[in-house]
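*Asks:* For chain A, the structure is supplied; the task is to place chains B and C on it using the hints.
If you want the building blocks of each chain, they are given just below.
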Amino acid sequence: MITSIRKMFISQKIIPICSIILGILFIVTLLAPWIAPNDPIAVNLAYKLQPPSVEFPLGTDHLGRCNLSRILYGGRISLGFAMLIFISSLTIGLIIGTYSGYKGGWVDQVLMRICDGVMAFPSLILILGLVGIFGPGLPQVVLALMLVQWVYYARMFRSMALSLKEQNFIAAAKISGSSQWKIIRNHIVPNVLPPLVVMGTLEMGWAIMDISAMSFLGLGVQPPAAEWGAMIHEGKSYIRTNPELMLYPGLMIMLVIVTFNLLGEALSERYSVKRRS
Amino acid sequence: MSLLQINEVTHSYGSRTFFNWKDRSKKVLNDISLSIDEGTCLGMLGTSGAGKSTLGKVILGLERPQIGQVLFQGHDIYAADKHIRQKIRRDLQAVFQDSYSSVNPRMTAERIIAEPLENYEKLTAAEQKRTIIELLERVGLSERDLNKYPHQFSGGQLQRINIARAVSLKPKLIVLDESVSSLDMVNQALILGLLKELKEEFGLSYLFITHDIKAAYTLSDKVGVLEKGKLVEIYDSKNQFFTSKHPVVHRMRDSILAEHPRFRTIR
Amino acid sequence: MLGTEQSNVLQVNNLQVQVKTKNGASTLVEDINFELKRGEVLGLVGESGCGKTVTSMSILQLLNRKSTSIEGSILLQGRELNGLGEKGMREIRGKDIAFIMQNPMNAFTPVFTIGHQFIETIRSHTKWNKKQATELAIEAMHHVNLPDPVKLLKCYPFQFSGGMLQRVMIAMAACLHPAVIIADEPTTALDVNNQKNVLYHLEKIRAEYGTAILLISHDLGVIAEMADHVAVMKKGRIIEKAGVFQLFDEPRHEYTKKLLNARSKLQFYESAVHLA
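Protein chains in written order, with our numbering: chain A, 42 to 318; chain B, 174 to 440; chain C, 33 to 308.
The set of hints was computed from the structure by calculation and includes no laboratory data. Beta carbons are placed, not taken as given, at the ideal position from N, Cα and C, and that holds for glycine.
Calculated from the model, a selection of chain C residues having no Cβ within reach of chain B, i.e. all distances over 10 Å:
(1) Asn40
(2) Ser105
(3) Lys119
Straight-line distance between alpha carbons at most 25 Å, and here's what the computed DSS-like set of lysine-lysine pairs gives:
(4) Lys395/B x Lys343/B
(5) Lys369/B x Lys289/C
(6) Lys343/B x Lys230/B
(7) Lys199/B x Lys206/A
(8) Lys290/C x Lys369/B
(9) Lys223/A x Lys302/B
(10) Lys215/A x Lys144/A
(11) Lys343/B x Lys215/A
(12) Lys54/C x Lys321/B
(13) Lys230/B x Lys206/A
(14) Lys290/C x Lys372/B
(15) Lys255/B x Lys215/A
(16) Lys223/A x Lys260/B
(17) Lys144/A x Lys260/B
In isolation and in its complexed conformation, chain A is listed as follows:
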């Protein structure tokens, strides 16, 4: 199996395969309200821990809720919020990083020291802090992750902007009369983004992990809301009798992260090959 994955890699077929899988997952979770067979939070103790049936295609959990529906609705949270964290931290990092790298001087120094400060702060502590103030909940987790993640992108974009600004075409743009924001927007950003979009696919995997991990610890999504990490948390009491309560959400997390990672690796390989030729 490893060799066949490797072969797929080399032929680059892996990119369309992964994209299709992810595409299906996104669409399916997006359409959850319409295609889920049941209400994900409807509790019905009479049906608890049922095996798969026509009414409950993946069976039910310990509170009689439909597993499949919970997986689908849970996907909306895991994937949706991971997307949100990724895009917002990328955007903040992009603006701050490129501006800092392009401007240089004391602006750069100040912004980078702020980055250093934030980086020194473990996200877990920040989450615990926010949870301490506002109580546990998904918004706290998402906010904390956004606040911590942008720094990583900012540093990347900054170093790329630093090397770009020495290029002649930046001088040419200045000579053409372009303002500094126009230069950042038209010349720096388009040349800085493509490699990072590739890296972003790998980051998505991490974002999903983070949300699920926080929910698993009970700090994120609160019951009765469905979310994969939270489902694993709830299912762990039944690991001996009904392992599927943990397996279904666990496998989904694994599927999404592995697919994102394979896609990211293949894209970065394709990108570096393109550069060489």
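*Replies:* Only chains B and C this time, still in chain A's reference frame:
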């Protein structure tokens, strides 16, 4: 009043920093004064390291000299207010040595040439496109090249695009910083020919920085020689350059390769 | 004193190089024929992209073996190089046929001293020990007028200027007295002051050891100074071949005329040079 006048410009790199109190600065330009009249080309010869590129940057307003003034049409370009600087900017353009790094690899030829036009002229989309096509044709390319990307052009063609961009605003002075040095002989001759035509057509002035004496001669009215940051001499005519007894100039003349095998000096 | 042998040191017949692309085989150069006699300089001139470097790389068998195919005959002192495996070529390169490349900065590994690389090259082709190889290296460096070779051998490439590195490359190329030296645009990356210097050293090697030189350049000045014969290349083919005087005086092909005119367009006061 000459178009460009620089007075006693001195500039160095690597001066004191926070962690480096000793003055380790190296004078790249040393007390340089020169002027360029409208419609003329001043060739600036010198070996690499003589400070030619720094001179170009200082004149273009990209690097403020530590000492000295750069006067363009009478205005001190580093001391002028924003409004005047904007005005000067359009009249002071450049074509650099490496054609590939002078363009954004993600922009089409059209967008590359459009940039100065968008900043200064208020043209409609159709007018702008027409102007760009005219410029492309003027430099020997065609409408078909509008949507091509830099990697689809050869070095010579890309340099033509750089020239089209530089003349798009009909500037007064263009700094040509080793603009043909990266091209092969045939392309060099063609581009120099184009630059000469444009000079006459638009009444342009050039500062032609190069290490190649022959190229300098094709385009220049006057020739200056830069050696280790100092201006050795400015010659008002090519004949004067040739007959000069100065050792630096003599060395330069000696390094010229033969035109024809019967003049060969090595074999 | 040149040898009296008139046989060809390098003979290239019907050389054709093709590269495999997505759309089939694409021809890089074809119908290439030329010969080099002992002590002669053949200038190979043309615009960038005309196939000059491909030709020289194919003689040295340095092209990618998987994606390029070389057909035709390349005889070095009577020995066929085309088809000779990598092992055989490694013995020949550096010893019987040497290469001077355009950008001297790229020719050396930055992490080893010049001495290390020079001696390694010598020892890979001879049975000498380190001391003997060092002596040869020092002598070769003297030959190209590099001052204080003992000290220079201990320096790293970044400590040299372009002109000096190019001279080191010439020293390395010439020290084992190869029959042929291929010099690919040896002056292009250098300052004007160094260009004549490099050509002078090449000529010295040619005169003293009778080395044949394949001199590739886009600059007709280099050709005028150095060549005995000239082959003009365009789009992968040789379009004109002649003795250097004949080429400059009576060019036959339109393209050659265009090349020669390009130079005189760089209006040069010939008479003035020879007054000074």
